[in-house]
Amino acid sequence: MESGTTTITTVDHDDDHDHGGGTAISDVHQDVIKTHILTRLDGATLASASCASSHLHALSTEEQLWREICSSAWPSIDHPRVRHVISSFPGGYRSFFSYSFPLLHHRSPPKHHHHYLAEIISAVDVHYKASLIFSKVQENETKSDWFLCSPFRFDLLGQKESVQTPIRHVGEDQAWLDHLEENLKLSWILIDPTGNRAVNVSSRSPVSVQHHWLTGDVQLRYSTVVSGGEDSSELVHCAVVVTCEGKVGGEMHVREVSMQVEDLEGKHLNGKDSLVILQGAMESGKRKKERKGEGKERFEEFLKMKGERKERKQRRERALDMACIATGLTIFVAFWSFILFR
Amino acid sequence: MKFCAVKQYFDDENNNNITSGASTTMIPLPNVESHPLAILITYCKKHLKIKANNADNKKETEKEMEQYEQELLKKVMPQELTELILAANYLNFKEALDFFCRAVASAIQNKSIEFVRKFFGLESDFELGEEEKLREEFAWSFEGVDED
Chain A
3 MESGTTTITT VDHDDDHDHG GGTAISDVHQ DVIKTHILTR LDGATLASAS CASSHLHALS
63 TEEQLWREIC SSAWPSIDHP RVRHVISSFP GGYRSFFSYS FPLLHHRSPP KHHHHYLAEI
123 ISAVDVHYKA SLIFSKVQEN ETKSDWFLCS PFRFDLLGQK ESVQTPIRHV GEDQAWLDHL
183 EENLKLSWIL IDPTGNRAVN VSSRSPVSVQ HHWLTGDVQL RYSTVVSGGE DSSELVHCAV
243 VVTCEGKVGG EMHVREVSMQ VEDLEGKHLN GKDSLVILQG AMESGKRKKE RKGEGKERFE
303 EFLKMKGERK ERKQRRERAL DMACIATGLT IFVAFWSFIL FR
Chain B
-19 MKFCAVKQYF DDENNNNITS GASTTMIPLP NVESHPLAIL ITYCKKHLKI KANNADNKKE
41 TEKEMEQYEQ ELLKKVMPQE LTELILAANY LNFKEALDFF CRAVASAIQN KSIEFVRKFF
101 GLESDFELGE EEKLREEFAW SFEGVDED
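If you read the protein sequences in the order shown, they are chains A and B. Its first residue numbered 3, the first sequence is counted upward by one per residue in this note's numbering. Its first residue numbered -19, the second sequence is counted upward by one per residue in this note's numbering.
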């Protein structure tokens, strides 16, 4: 190192810039923008940046960026089959994120479909706090008569299968159930490999957490309410259910991760009807950003409507019963009057 | 290593065997403005000082550095961040580049398109209808953004 002072000279460019006083982001080398700034943004912010200018759009639509965002949100999509399917999406990982990240808010009746769904791929990830505790990809065929006629149900775990989790069973009180509700998040993405569409049918946070006093199981529901028929008041809910079991003081096991479609009368729809509804949700379902508690609100609204419908049905049946009894009594009285007063 | 570009200049000088008769050396940095350079030098000095103070305790260094960075961000205008990034990139000062990019990323987190444009000094230069199509594709992401 030489001795002596060192002076650094710089030039003040205040008047020279043609951007009108100040450096613009386009002066920054695009590699710097890509590797240091864009990689630090979440999906929604990256979307905003891509709509800001054509320069940022070109940089923000890089597949690798969106692939990283999708991968960190849903590790299950690193599965080779899912990777292959997403790469054939017209918008790649960017469109996949747009389909799967926001919550489903599908209230318009399903339209006529132009292609039949031969297969659905399910990509499911369950996170406890920030760590992944369960991740699975399942391919289900949807063409066979057996599937179409029997009640729709996707099960990710077999009868005897269970998955260990690091969640400690603290005690069977409401505080612990609330803790699970806050921290156990699930994402269930349905992918249509031929139509290049996807949808996330989970509410992300549980809409209900129940503890069964007899079996000791904890059942968490992640349901989304969608439109079910021609009439927009016909609603169904995609019921994603996770059942966990465990002894107090020990670790919890996940015993069941399943999905069914249930209508307002509590009936589980068959494969064919469920498929129509799910396809409609995939193709034309509106998506909205998650607002805290929204999923739970909609589920409780659904339960309320279900309860009202049940009540109406019971009232109708009671009225019918009354009418039958009245008719029977009248016939009885008329008959005996006829006999006695002949 | 901080200010790698400056070090490179010294290395090049040594390699060319320039004997310094003068007591001062001038290093030309035409792509760096004086204001961001001053901030970078202060940042560098502070970083070295904190590191020297907490030689064995890495956690303490990080904590103190974070506190200093928070203070620094309050004094720096958002628009100056772009200049700082340019300067840090030219000077090959990795820690500062990393820090200022992080600051930019968190400044635009969850903000509207208009905010991002204003922040970066950009204008919409899309074709007619192109912007509408993009906004439609990402309609869900524009809900619940922070106020500007």
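Where hints are given, some of them may not hold.
[What the hints assert, rightly or not] If you only want the chain A side, here are some residues facing chain B, beta carbon under 7 Å, derived:
| # | residue |
| --- | --- |
| 1 | Cys53 |
| 2 | Ala60 |
| 3 | Pro104 |
| 4 | Ile123 |
| 5 | Arg289 |
It is worth saying that the hints were derived from the structure and are not from the lab. Beta carbons are placed, not taken as given, at the ideal position from N, Cα and C, and that holds for glycine.
Hints and how they fare:
1. Cys53: At 5 Å from the nearest chain B Cβ, cysteine 53 of chain A passes the 7 Å test, so the hint holds.
2. Ala60: For alanine 60 of chain A, the interface hint is violated, since the closest Cβ of chain B sits about 11 Å away, which is over 7 Å.
3. Pro104: 4 Å, holds
4. Ile123: Violated, because the Cβ-Cβ distance from isoleucine 123 of chain A to chain B comes to roughly 22 Å (cut-off 7 Å).
5. Arg289: This interface hint holds because 5 Å falls under the 7 Å limit.
Comparing the model with each earlier hint shows violations of hints 2 and 4; every other hint is respected.
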